[in-house]
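Okay, here's what each chain looks like letter by letter:
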Amino acid sequence: MIETLRGKVAISGIGNTKRWNAPGRTPFDQLQEAAILALEDCGLGLKDVDGLYCAVSSSGLPVLNVAERLGLNVRHADGTMVGGASFLFHIQSAVSALVTGQCDVALICYGSNQLSAGGKLVSMPDPQPYEAPYKPRYPISSYALAAARHMHAYGTTRANLADVALSARAWANLNPDAFARGPLSRDEILASRMVSDPLTKADCCLVTDGGAALVLTRAERARDLKSEPVYILGTGVAVSHRQIASMPDLTTTAAVQSGQRAYAMAGLGPDDVDHVMVYDAFTITTLMLLEDLGFCAKGEGGAFVSSGAIAPGGSLPVNTNGGGLSCNHPGMYGLFTIVEAVEQLRGTAGARQTPGAEIALAHANGGVLSSQATAILGSAGAL
Amino acid sequence: MSADARFDGPGPDAVWQAALAEGRFLIQSCRACGSHRFPPGLVCTQCGSAELVFVEASGRGVVYSTTTVREREGSYDVSLVELDEGPRVMSRVEGLPAEAVVIGMRVRARIVDEAEPVLVFDPEGAS
Chain A
1 MIETLRGKVA
11 ISGIGNTKRW
21 NAPGRTPFDQ
31 LQEAAILALE
41 DCGLGLKDVD
51 GLYCAVSSSG
61 LPVLNVAERL
71 GLNVRHADGT
81 MVGGASFLFH
91 IQSAVSALVT
101 GQCDVALICY
111 GSNQLSAGGK
121 LVSMPDPQPY
131 EAPYKPRYPI
141 SSYALAAARH
151 MHAYGTTRAN
161 LADVALSARA
171 WANLNPDAFA
181 RGPLSRDEIL
191 ASRMVSDPLT
201 KADCCLVTDG
211 GAALVLTRAE
221 RARDLKSEPV
231 YILGTGVAVS
241 HRQIASMPDL
251 TTTAAVQSGQ
261 RAYAMAGLGP
271 DDVDHVMVYD
281 AFTITTLMLL
291 EDLGFCAKGE
301 GGAFVSSGAI
311 APGGSLPVNT
321 NGGGLSCNHP
331 GMYGLFTIVE
341 AVEQLRGTAG
351 ARQTPGAEIA
361 LAHANGGVLS
371 SQATAILGSA
381 GAL
Chain B
1 MSADARFDGP
11 GPDAVWQAAL
21 AEGRFLIQSC
31 RACGSHRFPP
41 GLVCTQCGSA
51 ELVFVEASGR
61 GVVYSTTTVR
71 EREGSYDVSL
81 VELDEGPRVM
91 SRVEGLPAEA
101 VVIGMRVRAR
111 IVDEAEPVLV
121 FDPEGAS
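Residue numbers (the numbering used here), protein chains in the order written: chain A, 1 to 383; chain B, 1 to 127.
FYI, nobody ran anything at the bench for these hints, they're computed from the structure. Some hints here could point you the wrong way.
Quick look at which bits of chain A chain B covers, simulated, 3 or more residues with Cβ under 8 angstroms [stated by the list, open to error]:
| no. | stretch |
| --- | --- |
| 1 | 124-136 |
| 2 | 140-147 |
| 3 | 244-256 |
One side only, chain B facing chain A, incomplete, derived with CB under 10 angstroms [what the hints assert, rightly or not]:
| no. | residue |
| --- | --- |
| 4 | Phe38 |
| 5 | Tyr64 |
| 6 | Thr66 |
| 7 | Val69 |
| 8 | Glu71 |
| 9 | Val78 |
| 10 | Pro87 |
| 11 | Val102 |
| 12 | Val118 |
| 13 | Val120 |
For every residue, glycine included, the Cβ atom is placed at its ideal position computed from N, Cα and C.
Can you build the whole structure from these sequences, using the hints too?
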């Protein structure tokens with residue numbers, strides 16, 4: 001049943017504000033601009049939108065706020081909030097709604113002013129009374145605990161983690177729209193200020209503003225629209241815990257499950273994938289997700305990234321925009337993994353283009369390795 | 001009132017907190033499958049039954065993972081302790097520098113009074 005959804009829905013339009021430091025703009029300003037850009041990209045208008053999917057860190061009622069601002073009359077909506085992976089959960093929801101006719105044009109959108117509003121992570125109130133007395137830095141200490149356990153279990157080193165950041169910067173240097181560009185050495189990363197052992201400031205993603213949006217339609221309609229469609233071949237989601245103490249195994253995420261679900265729907269495996277985007281909130285995240293999605297064996301992520309495999313010129317192009325570590329990270333980054341994958345499949349990624357990319361995998365993580373969502377996308381050649 | 005009597009009385013978080021204030025560390029045990037859960041809840045996350053009872057925790061466990069949080073005012077430990085009963089708890093290992101806490105270290109629970117009672121751990125064998 002699930003495999004019959006393969007290729008039935010396409011991403012028709014993408015929007016990216018590329019305003020990483022934009023004082024005077026609210027999260028909803030960024031979101032609205034991205035929505036306008038995504039609709040213009042495919043030649044549709046706001047009056048065509050009848051499905052709305054959004055989540056923001058600054059509001060518990062995102063669908064109401066966005067529908068009012070954009071003047072939308074929606075007949076399907078989903079404001080699922082599972083952190084940075086929310087938007088890939090929204091994609092799965094929108095695919096079902098489009099295929100069953102519950103909507104015809106789905107708008108998925110996000111905006112943030114995390115940097116210009118003060119540089120602090122804006123989080124929805126979500127008290128954790130069994131963690132609070134111990135004052136973990138949220139969310140980095142949770143990721144640090146996972147990194148420490150991965151090092152203990154598999155001999156992963158801080159140099160391996162540094163090589164993730166190094167690779168991200170090398171890709172960012174090929175992307176004129178990346179926020180953090182310029183030379184960066186492994187020694188500089190290793191000498192960066194320790195925040196929560198073993199993670200330093202250089203192991204952490206950027207803090208930026210930004211907005212992104214997607215327009216999804218059924219595939220047959222997508223073929224008549226302005227931009228080249230990118231087809232949704234597979235999706236999968238999974239959740240495993242809220243607090244890091246409740247994560248079943250700190251070295252393995254629920255991306256194993258979300259990945260298997262997406263591969264099954266697409267009828268593909270890791271060897272078929274030309275281009276990869278994984279949510280790199282921290283260097284350890286990239287490493288663990290590459291293992292869990294089957295691009296290397298469990299425990300071999302460190303050796304894999306330090307071999308140069310994911311850097312420009314390597315065997316597997318990963319996070320080619322520069323990722324959350326060097327391109328942008330406006331609070332919740334998930335949607336930007338899709339935007340870059342679409343650019344690559346359209347062949348519009350300039351100096352960082354993966355030659356002949358037909359199949360891309362985009363994966364987002366949310367909370368503290370808590371929610372995982374995978375999308376496998378393809379150009380017309382992949383259908 | 002026709003509420004289900006099985007769920008009468010204070011909720012599991014309140015029961016746990018009240019016991020901690022009396023110097024007792026409780027966890028829940030499942031009557032159906034025998035596994036334990038923490039933090040407290042209404043169902044067994046292993047088998048799905050709602051037949052949980054509070055029992056005294058052994059208070060013994062092992063450091064599953066650990067991080068030193070670096071703040072301007074000083075560094076401190078945040079650890080995950082895997083209890084001998086199975087569940088993991090976030091806590092702090094005391095009695096040694098934060099950097100000296102290592103994965104695999106045997107630890108034992110103690111309740112300290114801060115703004116409210118807090119569960120911490122000491123290395124096994126420490127006086």
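Status of each hint after checking the structure:
no., hint, result
1, 124-136, "holds (count 7)"
2, 140-147, "holds (count 4)"
3, 244-256, "holds (count 4)"
4, Phe38, "holds (8 angstroms)"
5, Tyr64, "holds (7 angstroms)"
6, Thr66, "holds (6 angstroms)"
7, Val69, "holds (5 angstroms)"
8, Glu71, "holds (8 angstroms)"
9, Val78, "holds (5 angstroms)"
10, Pro87, "holds (8 angstroms)"
11, Val102, "holds (9 angstroms)"
12, Val118, "holds (5 angstroms)"
13, Val120, "holds (9 angstroms)"
Of the numbered hints stated above, none is contradicted by the structure.
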